[in-house]
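Student: Protein sequences appear in the order of chains A and B. With the numbering used here, you'll find the first sequence wraps up at 641, consecutive numbering, no jumps. With the numbering used here, you'll find the second sequence wraps up at 200, consecutive numbering, no jumps.
Calculated from the structure, these hints are not laboratory results. Everything numeric in this text was worked out from a predicted model, so none of it was measured. The beta-carbon is built from N, C-alpha and C at its ideal position, and this holds for glycine as well. Don't take each hint at face value.
Said to hold, decoys possible - A few chain B residues that don't get close to chain A, going by computed Cβ distances all over 12 Å:
1) Leu43
2) Asp44
3) Met123
4) Ala146
5) Ala155
6) Leu156
7) Gly158
8) Gly161
9) Pro169
10) Arg172
To be verified - A few chain A residues that face chain B, going by a derived Cβ cut-off under 10 Å, partial list only:
11) Val239
12) Val342
13) Leu399
14) Pro433
15) Pro435
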Amino acid sequence: MSLLEIHEPGETPLPHAGEAALAVGIDLGTTNSVVAIAREGVPATLHDEAGHALVPSIVAYAEDSRVLVGDEARELLATEPTRVVSSIKRLMGRGSADVRAVAGVLPYEIEPGSGETDMVKLRIGGRARSPVEISAEILKALRARAEAALEKPVERAVITVPAYFDDAARTATRDAARVAGLEVLRLVNEPTAAALAYGLDKGSEGLYAVYDLGGGTFDFSLLRMDKGVFQVLATGGDTALGGDDFDRAIAERMLAERQRDGVIDRVDETAIKRALGLARQMKEQLSPRDHTSGRLELEGKPSFHALTRPEFEALITAGVERTLDIARAVLVDAGVGAAELQGIVMVGGSTRVPLVRQRVGEVFGKPPLTDIDPDEVVALGAALQAESLTGGGDTLLIDVAPLSLGLETMGGIVEKVVPRNTPIPVQLAQEFTTYQDGQTAMAIHVVQGEREMVADCRSLARFELQGIPPMTAGAARIRVTFAVDADGLLTVSAEERTTGVAQRVEVIPSYGLSHDDMAEMLYDSLDHAEDDMVQRLLVEARVEARRGLLALDAALAKDGSLLSDAERSALDGARSRLETAIAGDSRDEINAAAEALETLSKPFAERRMDRGIREALAGVSVSDLERRVGE
Amino acid sequence: MDHFARLGLPAALDIEPAALDRVYFASQRKWHPDRFVSRPPEERAKASTEAAALNDAYRTLKDPLSRAFYLAELRGVEMPGDGKTIDDPDLLMEAMEAREALGDADTPNAIESLAARALRDKKAALEGLAGLFLRDDRPAIRKALLRLRYLDKFADEARARRTNLERDAT
Chain A
11 MSLLEIHEPG ETPLPHAGEA ALAVGIDLGT TNSVVAIARE GVPATLHDEA GHALVPSIVA
71 YAEDSRVLVG DEARELLATE PTRVVSSIKR LMGRGSADVR AVAGVLPYEI EPGSGETDMV
131 KLRIGGRARS PVEISAEILK ALRARAEAAL EKPVERAVIT VPAYFDDAAR TATRDAARVA
191 GLEVLRLVNE PTAAALAYGL DKGSEGLYAV YDLGGGTFDF SLLRMDKGVF QVLATGGDTA
251 LGGDDFDRAI AERMLAERQR DGVIDRVDET AIKRALGLAR QMKEQLSPRD HTSGRLELEG
311 KPSFHALTRP EFEALITAGV ERTLDIARAV LVDAGVGAAE LQGIVMVGGS TRVPLVRQRV
371 GEVFGKPPLT DIDPDEVVAL GAALQAESLT GGGDTLLIDV APLSLGLETM GGIVEKVVPR
431 NTPIPVQLAQ EFTTYQDGQT AMAIHVVQGE REMVADCRSL ARFELQGIPP MTAGAARIRV
491 TFAVDADGLL TVSAEERTTG VAQRVEVIPS YGLSHDDMAE MLYDSLDHAE DDMVQRLLVE
551 ARVEARRGLL ALDAALAKDG SLLSDAERSA LDGARSRLET AIAGDSRDEI NAAAEALETL
611 SKPFAERRMD RGIREALAGV SVSDLERRVG E
Chain B
31 MDHFARLGLP AALDIEPAAL DRVYFASQRK WHPDRFVSRP PEERAKASTE AAALNDAYRT
91 LKDPLSRAFY LAELRGVEMP GDGKTIDDPD LLMEAMEARE ALGDADTPNA IESLAARALR
151 DKKAALEGLA GLFLRDDRPA IRKALLRLRY LDKFADEARA RRTNLERDAT
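One chain only, chain A, in its complex shape:
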């Protein structure tokens, strides 16, 4: 008999919470998915009858209209490859333009996107299907497995996503869960979930890094663990880098070898899928062994391929080094040295590759931690979080926004509103103003990324704030608020503060990510930091100078008569020199010309002010007079 429990105010569990439908943790992976449940702080993966925890993230649409998931779907790969989809996670939240760019990696027939969202669809089993629908099939299978294992309905889940997933991909994941009949309690970032499983298991304290290299995504997160608090300090990654790329490198090598030996192949969907399947087996064999070989048969023509571990490592070294560059950048972001880390937790099947472990060990100066199964650790962490969310656990996860969020301002410059690595949930606002006299609308363009120029960031949404009362340029106060919730999803609202004209938009992503994914954006930002700064200063100087010209023109139109002809022509000369400078690329010239114009127009400004004051006074007396007459 337990004692009465007393909860903190606001933390009392709902009555009968224990009897409610169970909540599971799901790792919806690129290559494999796993479902797990935690009871009283002890997580366990849920197995099939054969005892396997991993469900291959493969969906097949069979001819008899049955939908197969996992191992059954994989079996169909040999006979009916065009009815089988794998690695669908790579397409979550992507537009059709992105997919064409990765057509070599993903051998699917692509349907052009339609309507506003441009969400990509695949033609599989004679029908166009979206990544959301296909992912939902995997989730349904996981849910069925959990219900069979637990003999209870399962309706709620914590689902993990790569930390570096953007708004579109997170929304797509949430939608897939809804289609599968699951309520998402929380989207948790994969490395954070792994840290949770790891930290609770080991009772660890201090700074830890999670190196998560999965089938299609890479994440690197830096966390502080402190008495049940898991605080993410910084995160980085690449949503298009993983073990799939290693497979592809091997497959390409084999196809090239066939070509070299005079075998003429039709490199179609079937050929690529076969080659990738074999490549994956060979890659896995090279973890325990130092050489392997495989037999590839396409259209009745067999070929044999040998691969040594050094050869394999040469194929993947660029990808591995890229993960390490990202890792270093995350440490720099957080101002943490490699020596301060207590440990590096390895997550994801691709961390079984010996080269990966070796390089991580070399770069961080200590052997990485590999004692929890890297394929299961994320799901275990998700299960712990699901229990904590429904049962009132004592752990606290504080995660961050992985990418900066901002707005386009004049000249295509990005004004960051939420800097990357800001703890979430968060609500931050920035004030903007109008650029021209009498401006009544303002275009709001929301972007995500680290670069200074809009063109180099990802466009998330556009909307227009209308109904701004006409005022002089710079008088309106437009407050734009960015709210990022605990799932990492963004809402943007805008309000004109002097009148209260307001508009609010959920950010409905355009699914238009180019192949330059977010990681590349971050990566680029390190490379281009100086160029960007120069570019930004130049654009700012131009915008400032144009603003000055607009003001001068307005003043000339109104009070031009205050100037003598000589003064006017001097001013016009300075004005055209500034215009020439604006058209050029030198910030110094623009600033010098702007300053010259300002000096020259100073007496004019003073005279205008005198006249303004006289008129103001005169105005008062006239209205006074009128009032007196009226009385």
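Since the structure of chain A is already known, use the hints to place chain B on it.
Tutor: Only chain B this time, still in chain A's reference frame:
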């Protein structure tokens, strides 16, 4: 409610990082949306707002420079917006000379030493701020903060330049 009050801290420049973390974690334990998953929507919305405000407070107060700017704002020191022209002739001179030195520096080491000097100056200026706040010398606070902002940017710029130089070398 200002950020200091939200975290139950005195409005001061000097805050022990560990103390800030402690009060922040304690407040987040109470308000983080994870604690409200099974609660009615209005309670969830309230928690989300509170947690967001806490994160804003924490993020503002954690970095010494942003904390100093925030405290100055509370004290009514008028600061020009970010990216506006520097109106302090001493600072303008310092910035021009430093920029010239950065332009002339053509080895990673030379650039690094400029960045390091900026960071040292920043640290010293931050330490000097406490006295200015104590005396409530607003013009001096304003001047010092503008210089701090410049030093911070300069160090970033130098680092970026170094990265570029190293990349070009490889």
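Student: Now look at each hint and say whether the structure bears it out.
Tutor: Hint check:
no.: 1; hint: Leu43; result: holds (20 Å)
no.: 2; hint: Asp44; result: holds (20 Å)
no.: 3; hint: Met123; result: holds (16 Å)
no.: 4; hint: Ala146; result: holds (15 Å)
no.: 5; hint: Ala155; result: holds (19 Å)
no.: 6; hint: Leu156; result: holds (15 Å)
no.: 7; hint: Gly158; result: holds (22 Å)
no.: 8; hint: Gly161; result: holds (26 Å)
no.: 9; hint: Pro169; result: holds (25 Å)
no.: 10; hint: Arg172; result: holds (20 Å)
no.: 11; hint: Val239; result: holds (5 Å)
no.: 12; hint: Val342; result: holds (9 Å)
no.: 13; hint: Leu399; result: holds (4 Å)
no.: 14; hint: Pro433; result: holds (4 Å)
no.: 15; hint: Pro435; result: holds (5 Å)
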